[in-house]
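Listed here are the chains, written in short residue letters.
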Amino acid sequence: GQNIDQPTEMTATEGAIVQINCTYQTSGFNGLFWYQQHAGEAPTFLSYNVLDGLEEKGRFSSFLSRSKGYSYLLLKELQMKDSASYLCAAHYGGATNKLIFGTGTLLAVQP
Amino acid sequence: DAGITQSPRHKVTETGTPVTLRCHQTENHRYMYWYRQDPGHGLRLIHYSYGVKDTDKGEVSDGYSVSRSKTEDFLLTLESATSSQTSVYFCAISKGGPSTDTQYFGPGTRLTVL
Chain Y
1 GQNIDQPTEM TATEGAIVQI NCTYQTSGFN GLFWYQQHAG EAPTFLSYNV LDGLEEKGRF
61 SSFLSRSKGY SYLLLKELQM KDSASYLCAA HYGGATNKLI FGTGTLLAVQ P
Chain U
1 DAGITQSPRH KVTETGTPVT LRCHQTENHR YMYWYRQDPG HGLRLIHYSY GVKDTDKGEV
61 SDGYSVSRSK TEDFLLTLES ATSSQTSVYF CAISKGGPST DTQYFGPGTR LTVL
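Chains Y and U are the protein sequences, given in the same order.
Residue numbering for the first sequence follows the numbering used here, beginning at 1 and increasing consecutively.
Residue numbering for the second sequence follows the numbering used here, beginning at 1 and increasing consecutively.
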């Protein structure tokens, strides 16, 4: 199967930078998503990486290394409202033809 | 935000009763999905649809059925609810297929089976 691994919980300080890592199996891989999910709410789309490298979108950046099966989400200038779960999800084609989610990383931003 | 609504938003039911959850979209997207989200498991695909009357199973389809008679509506039915089906259910939509396009999620339905 396609296992997506990410840390369960992380804590960071307001104004700081935090990096959330995600590893995935590379066979059949098409691309990688990051979603943000606040408690009791729906996941919302943050980023999609298909090619290797870093993509920046305001305070949030996402990195992908296809050969290593590795991605990270970088959050800069952390704000209290960034406290949420961050879901890593990988697109797999071929016979799988699915979007597979990790269990999510719960980020707590402290004052 | 994508125009996706789910109903009901909350439901409490008893074991053995049938339950139907509804997902409605106003985006005219071809693909629709039902996921369940449980602690420690992340989002898991139950069923998805790739067009009117066209559906396929996901990884946790046992005990669930779906129907799509119109582009905008995707129904999830629990024929005889069990306590293991207590979960938060999310509907999602995408313009392209499950391995190629971004999925956008509805607000979720919290189902409790007593």
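Worth flagging that the hints you see were computed from the coordinates, not collected in a lab.
We put the CB at the ideal spot given by N, CA and C, even for glycine.
It is possible that part of the hints are untrue.
[Claimed, not checked] Take a look, some chain U residues computed to stay more than 10 Å from chain Y by CB distance:
1) T17
2) L21
3) Q25
4) E27
5) S61
6) T71
7) D73
8) E79
9) S84
10) T100
11) G106
12) P107
[What the hints assert, rightly or not] Among the chain U residues that face chain Y by a calculated CB cut under 7 Å, a handful are:
13) L43
14) P98
15) F105
Going through the hints against the structure:
1. T17: holds (25 Å)
2. L21: Given that every Cβ of chain Y is farther than 10 Å from that of U/L21, nearest at about 14 Å, it holds.
3. Q25: The claim stands: U/Q25 keeps its Cβ more than 10 Å from every Cβ of chain Y (closest is about 13 Å).
4. E27: Non-interface label on U/E27 holds, nearest chain Y Cβ at 14 Å vs cutoff 10 Å.
5. S61: holds (12 Å)
6. T71: Given that every Cβ of chain Y is farther than 10 Å from that of U/T71, nearest at about 21 Å, it holds.
7. D73: holds (18 Å)
8. E79: holds (24 Å)
9. S84: Given that every Cβ of chain Y is farther than 10 Å from that of U/S84, nearest at about 18 Å, it holds.
10. T100: violated (7 Å)
11. G106: Check fails; 6 Å does not lie beyond 10 Å.
12. P107: U/P107 is in fact no farther than 10 Å from some Cβ atom of chain Y, at 5 Å.
13. L43: Because about 4 Å separates U/L43 from the closest Cβ in chain Y, which is inside the 7 Å limit, the hint holds.
14. P98: holds (5 Å)
15. F105: holds (4 Å)
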